[in-house]
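K.L.:
Below, each chain spelled out in residue letters.
2 protein chains.
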Amino acid sequence: MDNRTKFTLEEKDIPQAWYNIQADLPSPLPPVMSPQTGKPAGPADFAPLFPMSLIMQEVSQERYIEIPEPVRDVYKLWRPTTLFRAYRLEKMLQTPARIYYKFEGSSPAGSHKPNTAVAQAYYNKAEGTKRIATETGAGQWGSALSMACMFFGIELKVYMVKVSYNQKPYRRIMMETWGAKCVPSPSPDTKIGRDILAKDPDNNGSLGLAISEAVEDTVTTPNTKYSLGSVLNHVLMHQTVIGLESKKQMEMAGFYPDIIIGCIGGGSNFGGMAMPFVKDKIEKKNNPQIIAVEPASCPTVTKGPYAYDYGDEAGVAPIVKMYTLGHSFMPPPVHAGGLRYHGMSPIISHLVKLGLIEARAVPQLATFEAGVMFARSEGFVSAPETNHAIRVAIDEAIKCRESGQAKSILIAHSGHGHFDMAAYEQYLSGKLTDYEYPEDKVKEALASLPKISE
Amino acid sequence: MDNRTKFTLEEKDIPQAWYNIQADLPSPLPPVMSPQTGKPAGPADFAPLFPMSLIMQEVSQERYIEIPEPVRDVYKLWRPTTLFRAYRLEKMLQTPARIYYKFEGSSPAGSHKPNTAVAQAYYNKAEGTKRIATETGAGQWGSALSMACMFFGIELKVYMVKVSYNQKPYRRIMMETWGAKCVPSPSPDTKIGRDILAKDPDNNGSLGLAISEAVEDTVTTPNTKYSLGSVLNHVLMHQTVIGLESKKQMEMAGFYPDIIIGCIGGGSNFGGMAMPFVKDKIEKKNNPQIIAVEPASCPTVTKGPYAYDYGDEAGVAPIVKMYTLGHSFMPPPVHAGGLRYHGMSPIISHLVKLGLIEARAVPQLATFEAGVMFARSEGFVSAPETNHAIRVAIDEAIKCRESGQAKSILIAHSGHGHFDMAAYEQYLSGKLTDYEYPEDKVKEALASLPKISE
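Going down the list, the protein sequences come from chains A and B.
Note that numbering that gives the first Met the number 0 has the first sequence beginning at 0, numbered continuously upward.
Note that numbering that gives the first Met the number 0 has the second sequence beginning at 0, numbered continuously upward.
Errors might be hidden in some of the hints.
One copy or any two copies: either way a pair holds, since identical chains are not told apart in the list.
Distance condition first, Cα-Cα at most 25 Å in a straight line; then the derived BS3-like pairs of lysine-lysine [to be verified]:
hint : residue 1 : residue 2
1    : K75       : K406
2    : K283      : K440
3    : K284      : K352
4    : K198      : K11
No lab work stands behind these hints, which were simulated from the structure alone.
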């Protein structure tokens, strides 16, 4: 066993290729359906939205896809990221468990999101895209893509969910510092946005709605493509640099993780960490417990059905089979803005269905309690999203204390909380509350699922 | 030459000892005077304020002082820090210069300040201190010491300059997340604060005034010591981990820096980077140009006299020989809150006087222009203080473009700007202005220098 606090890799250790789990799935992913026809969609259906190289990655069955050199070159600004041993948290919990966290908060944008943003900007540039439209929830995706588009000279327009736009003004300024344009969603800049605002001027927005606006912007503006920061297969694949590096670093530490934990909104941070370990599970080389953590206020996987649904509010995005709360679900304004999506990545959904990973829902207050414990032991102040993973890691470490087992726990630490201090203030001053899961509203939203015959 | 973007060191490469430049100075530092007697002060005079081990470091003539293992152990959370080659900034500037930056923004508190905060908390704990009082300008020092006191179980009270307290509420919340108490200065919690507030309720505060409050708190509260985040000899010495690591990393890169640049407020970040290189200059092993950069709105070294002055507003702190604008100088509310101190570290002042380093003043708008150029090339959004160093690095790199010289430029990058986005917004929206150097007010402030016979 290696007693280091940090396990660091060299630039040359940045993975040469992403890992594509589609090559190893015991059964293939259900087909994606066109929102126009309700029938299986082909590459041509996605061409208005994405560059062809990304569409090909979306359906690729190749096990490894080479990372282009210009992408690895930008990765060098923050990758390989550090794997930490959380000695101080272990001590605070008096647990025999070994807790490790893979820290993605050191990227200039502060989260794991640039791992795919840079790749997407690169492929768009290579195919001549001049402008990109996207949405952002908490602002982590919007800032990551702003930075990526800046590196590759692409214009960017970001539709930011209004509740986050108001909660986190500094995320918008960060996007503008990198040269992007950011508006609150619903916005008057699209027909979908104008229609919603006419009916409900105080609408707080949702990720599904912001996606609708970005997709409308894309198909109605010349030379523009759309970019999504999570959910899709190619996005999760780009994030496998997290898991691939972590595997190497856990080897350096001398332990294979018994439990792997990440938070899920669309699923990319968790998926990027988990999939290289799921491979071992499929190949029966190892059998780690892999836990995806979602907010109790938006319990997509733990309470939603596994069904075909639109990826967006207005039903203009592709229809995919996934765990969903219904595309018209309007989540409560909890602080983990990155975890408020109504659906879940098809890959993550499929892996849950196959029993290869499990999901758990945690309430907001418990996640902030965990975040403050982490800050008061490890020093780092984490994003509210990340606090969900930390919460479950602490729960598992406490179980180890009770059982006496020295398990190795690996946390996907998705980013810092420097733009979330207002949420910490609410928590510290006792003003933060837990949100009830609105059963009625979900029932209502689920009634509008598209009818798809499989 | 090594083409890597990042030069990373291992945990074992964290320096074993700090470098104490007092052992190598061509002439000794002028004595420090007691504010009570106006005569040279001895260790006993400082005993009410600092633990004896730090007082001994303050006057030590030992060349190297061993870093205690518990301090190195906390350093491991972010040290050794990364040295970056700024390839993208070089390309943007079309310069033949090689630009490197030593990035201290990856510490949990986001700046270089924890390097000394952790050391000071450790020595205080070792001597039984239960509580510490301190001041903070921009909030970087206050948050660093909050984290350090949390690691060693010491209670902390922070007096934060009011203009920064209002500009940067999130810094306060960060301190509270780590368990500290933070109040705006001038505060009603001290006699000095109450007196000022009675005369001028809208007083914006100054670092000198906040120091007075923290010192008063210290001498009037049992089991309390005082801690300063810059200026003093032991503080600068703790920061030499920056320069010692950088020397190793520049060797890895294959170049000795021709120009070394850092921003100065109290002088600790710059001093920590510069002193190990000044050693080479004293020993005539090498002759780098070493530039300390200050704001034109608080031009201590470039326009102030080298004279004995109080370290604080109220004249309760020791009297030191330094460049000063007068201890009653009230700086304009510029955004580089960490650079608004009326005086300058005695060591830095002495090195300027000896001609071993030089100082340069830059206006606020030019520093933000440089910060945006840096963000749009290197990705990282820097603190307004750091932007001062980046500004001069860019100026020097442009000179290289004009002269065709391929100089190696090393920037002390003191921290990120995640809590300074309001300042970026002002700059990007054209609302930021330059502040005139208030000649009259400085003349007035200089009239109150203490009379010290050398």
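K.L.:
Evaluate each hint against the coordinates.
P.N.:
Verification of the hints:
1. K75 / K406: Answer is between: at 23 Å across copies they meet the 25 Å cutoff, but 32 Å inside does not.
2. K283 / K440: neither (41 Å within a copy, 76 Å between copies)
3. K284 / K352: within (21 Å within a copy, 67 Å between copies)
4. K198 / K11: Answer is neither; intra-copy 54 Å and inter-copy 62 Å both fail.
When the structure is compared with the earlier hints, violations turn up for hints 2 and 4 and for no others.
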